[in-house]
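Protein chains: 2
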Amino acid sequence: MAWQSYLDAEQARFVQELLAFVRIPSVSAKPENIADVARAADWVAARLTAAGVQGAQVLPTTGHPVVYGDWLHAGADKPTVLIYGHFDVQPAEPFDLWDSPPFQPVVRDGRVWGRGASDDKGGMMVPILAVEALLKTAGRLPVNVKFFFEGQEEIGSPDLPPFVAANVARLTADMIFSADGLQYSPDQPQIVEALKGIAKAEIVVRGPRSDQHSGLHGGGIANPAMALAQILATMKSADGLVTVAGFYDDVIDLTPQDRAAIARIPYDEASYLAETGAPAVFGEPGYSTRERLWARPTLDVNGLTSGWQGIGSKTVLPAEARAKITCRLVADQDPARVLAVLAAHVQAHCPAGVTAEFQPGQGGAGPFLLPSGHNASGIAAQVLEEIYGKAPYRTRLGGSIPVMTTLLGALGVHAVMFGFSHDDENLHAPNEFFRLDAFRKGQEAYVRLLQRLAA
Amino acid sequence: MAWQSYLDAEQARFVQELLAFVRIPSVSAKPENIADVARAADWVAARLTAAGVQGAQVLPTTGHPVVYGDWLHAGADKPTVLIYGHFDVQPAEPFDLWDSPPFQPVVRDGRVWGRGASDDKGGMMVPILAVEALLKTAGRLPVNVKFFFEGQEEIGSPDLPPFVAANVARLTADMIFSADGLQYSPDQPQIVEALKGIAKAEIVVRGPRSDQHSGLHGGGIANPAMALAQILATMKSADGLVTVAGFYDDVIDLTPQDRAAIARIPYDEASYLAETGAPAVFGEPGYSTRERLWARPTLDVNGLTSGWQGIGSKTVLPAEARAKITCRLVADQDPARVLAVLAAHVQAHCPAGVTAEFQPGQGGAGPFLLPSGHNASGIAAQVLEEIYGKAPYRTRLGGSIPVMTTLLGALGVHAVMFGFSHDDENLHAPNEFFRLDAFRKGQEAYVRLLQRLAA
Chain A
269 MAWQSYLDAE QARFVQELLA FVRIPSVSAK PENIADVARA ADWVAARLTA
319 AGVQGAQVLP TTGHPVVYGD WLHAGADKPT VLIYGHFDVQ PAEPFDLWDS
369 PPFQPVVRDG RVWGRGASDD KGGMMVPILA VEALLKTAGR LPVNVKFFFE
419 GQEEIGSPDL PPFVAANVAR LTADMIFSAD GLQYSPDQPQ IVEALKGIAK
469 AEIVVRGPRS DQHSGLHGGG IANPAMALAQ ILATMKSADG LVTVAGFYDD
519 VIDLTPQDRA AIARIPYDEA SYLAETGAPA VFGEPGYSTR ERLWARPTLD
569 VNGLTSGWQG IGSKTVLPAE ARAKITCRLV ADQDPARVLA VLAAHVQAHC
619 PAGVTAEFQP GQGGAGPFLL PSGHNASGIA AQVLEEIYGK APYRTRLGGS
669 IPVMTTLLGA LGVHAVMFGF SHDDENLHAP NEFFRLDAFR KGQEAYVRLL
719 QRLAA
Chain B
269 MAWQSYLDAE QARFVQELLA FVRIPSVSAK PENIADVARA ADWVAARLTA
319 AGVQGAQVLP TTGHPVVYGD WLHAGADKPT VLIYGHFDVQ PAEPFDLWDS
369 PPFQPVVRDG RVWGRGASDD KGGMMVPILA VEALLKTAGR LPVNVKFFFE
419 GQEEIGSPDL PPFVAANVAR LTADMIFSAD GLQYSPDQPQ IVEALKGIAK
469 AEIVVRGPRS DQHSGLHGGG IANPAMALAQ ILATMKSADG LVTVAGFYDD
519 VIDLTPQDRA AIARIPYDEA SYLAETGAPA VFGEPGYSTR ERLWARPTLD
569 VNGLTSGWQG IGSKTVLPAE ARAKITCRLV ADQDPARVLA VLAAHVQAHC
619 PAGVTAEFQP GQGGAGPFLL PSGHNASGIA AQVLEEIYGK APYRTRLGGS
669 IPVMTTLLGA LGVHAVMFGF SHDDENLHAP NEFFRLDAFR KGQEAYVRLL
719 QRLAA
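For the protein sequence lines, the chains are A and B, in the order given.
In my numbering, each number is its position in the first sequence, counted from 1, plus 268.
In my numbering, each number is its position in the second sequence, counted from 1, plus 268.
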């Protein structure tokens, strides 16, 4: 097992390289870090070349660049595997809550502490190191591999869809694995079967031309803030069902098998309430909390604004009232169709005396659901079982990862999340860290994955 | 008619003084303007002294100060008249909707434009200038006059009741006139027979400890913004009836005579809609728009706030949502009892998964209704008929002036509103203005009023 010896021998160097990678403050959200994101792209391309990957290069997009490289000599009878990750990171503010500076990473307690150590610099190095171990020891890979790393995941990948659409031939693959992903816990692996999509909108209710005196005009004309409340109240029942006609039309119901699979995964309601601080769980009747979180569509009000919001009172009858809403979608809901039924509902339920405008928002994404019997995820599950000594949970995620739907849409391939971070690693918070044993375990997992894929 | 010549000769100076007065941003609602309210009080006391009023002084309350001054040398056989007004103003936000800055007043088209020009800085200067004209020309006043100006009318005069109670001897009078008042139109006077009372509250709905990720927790726990909307929607029917149990219990129904009197006053719905810019009139079924505005209680949402309100979207499930509400009350509703039925309603209608707190607001006031055959208002009506050449309408007002009920309660006198603003002057909105011809007409009216009261 030469590749395992190689990983053992080189692990200390790999950790030093991760520290160097984390030192680059590649914050995609901040204009002052544009050059740092580009520097991180150069670092990744150089690291791919050092690993033996061929033609590694930085490619421009209309925003932050991407990095591409490949090794395609396994033969036409072997599958081609695209591996995805990202080299940009979240902003590190507030700096004063970090125990050590976010861009001066340190190793402590078997962990690397620094912004991006877990999300996703540590994660995206894992498959590069696995490929290096195989190329430096066996001189070849068991399958054809393409690496595709982006620098704008943390800002929602706005420039990625046109790039992917223009580079389908370059990126086309039989299977896709995302190195940006979580395991359930350090000793329990998971396969994430579904992600929710998202549809965003703002409802604007308008009444008088400008804010009016609530004494002089109250009772004479309608109040837009009350009308907005009445519209919103028609969208959800008191017990949490979304009451917008057509909202659930395209939802694939959970099968008894799906529900049993979800129920098998430990869930502690007291811990969940302690984590959020909410007084109780709440949501659509007929489903468990985890079913609602993982597999049922939601409608949430993200913000309300109207009239006087300062200290004390200002007795106005507001000119307008606004609500920002987002729906999290499950297969086979379509963001555009959901926005259409919401728009129709708002118009149908606008009370007398005001007008309501429905403004669809930018940045929607379709839901993601692995088809049953999906081959790549089945193989990934076997590898995880081999490495962890237990079968992975089949989980779902309430969040949205737009690149997963972008890749599905453009390349027709359901990506498999095959990453080794954990959700307790302060991913978007101060004191982000990455477990070094997961770093090592992930490298072995990727080697075994590539080997199994060849079989 | 020396006093008339004096008014003519000094009018340009009076306007400059009004501009100086409006330049003081005496916003009583905002802690950062406390010193400005005090500065406005000093300005008023100095202006009273300049007019020849004696002992003008700023007196402390438990909040913003008041200003008192008097001239009591008309003789014991002459009545003592208390004249009221206020030198604080509404907040001026949103600043960007003003055509000229709210605290940099300008004269344009025969009007002074600026926050407080009409409500009530221009209005409260009127009787001071009338008294000055008499004192500077005749050397004396026909009746004994006390001036009483406050600096917290726009926040509901919370500290005035204890101040008035502690100063009954100082404030006692045979008649009270309020310089904070409206005429029906520039060529049609009115006597206001009734004012609405007010009850204020804030509803705070709380869910998770802090804002949560709407993907990771949407569907798992309740959304406070949606819950707030649902609570508000239970408080008013789609056709405008307040649906809070007990809300209408103490309302004195309009008699057929009351309704006929209201119907005699011209009302043009198209003009009303043009004035407010609202798309339609709206309110409690079974009453005309004017009946609702003048003589029926109301419930309005003054402000909503929750979650993300900036540009674009932030996919949070908010920790809390707040609504500021006010009810305008008619005789014989009691603010405390109305707050009690609202509080009970909110608790009874709080959806599952959140908590709702009902916070009663400061500055409630009872409704005000002139007794029939009230003497001071009869004299005021005669003066208005003389000045305008037509009899005043007997109207009601949807607004609340807590001091009217405070003065009635403490001094046993029904104040008469004798002011010269108009309800189209954007009193609590951007681009507030005051008509300079009404400024001048009001000064003459106050001179004639004092003269008639001596007879």
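Rather than coming from a laboratory, the hints here were simulated on the basis of the structure.
It cannot be assumed that every hint is accurate.
Copies of the same chain look alike in the list, so a pair counts if it fits in one copy or across any two.
[Claimed, not checked] Below 20 Å or equal to it, Euclidean Cα-Cα: the simulated DMTMM-like pairs (lysine to aspartate or glutamate) are:
#, residue 1, residue 2
1, K582, E654
2, K404, E285
3, K658, E712
Because the structure is a prediction, the values reported are computed rather than measured.
Worksheet item: Broken hints, numbered, in rising order?
Response: As far as the earlier hints go, only 1 is violated by this structure.
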